[in-house]
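What follows is each chain in one-letter form.
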Amino acid sequence: MKKLSRLIALLGLMLGILPAEAQDAANRNRFTNHTEVGALFGKVEYATNPYGNPVTYGRQTKTNLSMQTFNGLYVAPKLAAGLTLGLDWYNEAIINPVALGARYDLLARYNARIFATVDAGYGFTWFNKDLNQNNLIGGWMINPGIGWRLGRPGTGGFTIALTYKRQEATLKMPLDRAILKQEESRIYNRLGVRVGIVF
Amino acid sequence: MRLLLLPLFVSGTLLLGSCTDKCEKTQIVRQVKNITLSAEEIRAQLKIESPRSLEQPGKIYVKDNYLFINEIKKGIHIIDNSNPSSPRQVSFINIPGNGDLAVKDNILYADSYMDLVAIDITDPAQAVEVGREQNVFISGTLGADYWGYSESTASVSTQEAYFLEETFQTNCEGVIPWAGGWWPWPYFDVLNFASLNSGSSYSGSVANAVKSGSGTGGSMARFTIYDNYLYTVDQRKLQLFEISNLKNPSFVKNIDLQWGVETIFPYRDKLFIGTTTGMHIFDNSVPSAPKHLSTYTHMRACDPVVVHNDIAYVTLRTGTGCGGTENRLELVDISNLSNPRMLKAYDMQNPAGLSINYPTLFLCEGKFGFKGFDVTDRNNIDKNLLFHEKDMESYDVISMAQNLMMIGMDGLYQYDASNPKNLKRLSHIPVQKPAIVVEKKK
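Here the protein sequences come in this chain order: A and B. All residue numbers for the first sequence refer to the numbering used here, where the first residue is 1 and numbers rise by one. All residue numbers for the second sequence refer to the numbering used here, where the first residue is 1 and numbers rise by one.
There may be inaccurate statements among the hints.
To spell it out: a stretch of chain A is covered by chain B in this simulated footprint if at least three of its residues, at any positions, have a beta carbon under 8 Å from a beta carbon of chain B; those stretches are [what the hints assert, rightly or not]:
id, region
1, 79-88
2, 97-104
3, 168-178
4, 184-194
Hint data in this document are derived by calculation from the structure and do not stem from the laboratory. In this text, all values refer to a predicted model and were calculated from it rather than measured experimentally. We put the beta carbon where it would ideally sit given N, CA and C, even for glycine.
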């Protein structure tokens, strides 16, 4: 969380120091769609023998498919707000984030423009098939980042985005008289790299 | 554009540094720890106490208007059942290490780990210990816990259950690490395994009870009384105690049996001893010298047995420590006691204790409820279901004329079974689970 707050502060700083570009007033209320596909990169460290003395640990790297679509309206010359629907295919979890999203043009002076992106919402597990009487429950999601848009202003274009995604989830495992609680709390902290199209 | 390169690089680095998944599995699991109790300490703790709620009920026993319910490892609840619609808890006898009981006249016999104790219950509210045969039992299981007595140190080594909360770092894939501790069978199954099932039969054991002045046990009984003898079984032997002097039970002898002995059930002048692999039949016409007649063998399973005339009804079930692989009811022809043979088997759901009040067979089906069958037609018992009480977990039953007592995970139920097709629930003594204490792993 500490790193996340630092990142947001950095983005805020960037917004403050960069010159604003006047946009055509006709841009206001214009519909925009931003559809992306990419990967979530991360790693995990875990106890391989929690009862060992000493406890031994292992590390795995993780790469998972991620896709999403943002549909919104320009509420200000450089700011679009709307709804983001996504699909993240983690190992042993399929999560569908439903989020409020925003796209803000940081620099719109050139054909290659920089934009800030943020989505925040809840990840659902509608399409995750639970096995062995397990029950995967979704959780909160936040996904800020920055991107590069290629294309002439006012037309469609291609994007490349670098984001941080935090997704929470909980796996509840079956109980009986000898097991009163058994659950795995998950926080996926991932570097999301996505390419997309926008119009 | 160049101005953006530095922030992009910085933010990318920050992102990479924070991209470690954090996953933890938290579990609260039943564990056991070994404890040692001195014989002196155990013996000093037997005392009468005011009534308390049922927490982990075990065996049930009926004598006249009183109902006795074993609280596993802790003692015996005495209940005035003169009005089955309104049973009244009279007292609780604190007996450390108690798992079985039997009553003759006004004397209650109970095990207390290694000892057999005789308790005068003339006034059940003021029961008092009147005799004790020391060091006659060596080991056993109570509920889920094993115990063993060492004569050299005069102490009992046993186990105490507790719940442990642990947290592990996991790889976010729901992997269940080895718990490290002891994963017991669920209580219900352990109880059946440990409690060494037998059978109760109104037409059999009650008749014996009347003859001998003793009470009637449930289908989990490991103690039974016939004539002037108390018979007990442990995992590998039958033990005889003479109780002609009621207050002073005296050990007579052991009869060695194969391992896996679970229950003992008297029927007329015969003893039926249930084991995990079958049933021994003893001629008990000379009560001081039971004589082995035959052994009926079935697949390995816990097997409560009840008998009516020439038919023994045996249930086999899965999910227990006895290693059963099938759930079924077997009918065994015992018209030739030297050569018992199976007549027919019926698939059941998860049958446990049973009782017969001919022609009605009452059958506990564990978490699948409680059933009654008309067994007049031996070849079509499954087609003659009289009732099926659901939404309860039953494991033992006693039928006494029209009164039916069934014990399960949530307490003792009593029914008016004068019309088995229309059971009327008379009362329910609920179980009140104690607050669970959870220890956190340090």
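To see whether the hints hold, each was checked on the structure:
Here's how the region 79-88 of chain A fares: 0 of its residues keep a CB closer than 8 Å to some CB of chain B, so the rule of at least three is not met and the hint is violated. Residues of the region 97-104 of chain A lying with their CB closer than 8 Å to a CB of chain B number 0, which falls below the three-residue condition for coverage. Coverage of a stretch by a chain is defined here by at least three residues with a beta carbon nearer than 8 Å to that chain's beta carbons; for the region 168-178 of chain A and chain B the count is 5, and the condition holds. Given a C-beta distance limit of less than 8 Å, the hint that chain B covers the region 184-194 of chain A holds, as 8 residues qualify and 3 suffice.
In the structure shown, a violation is registered for the earlier hints numbered 1, 2, in ascending order.
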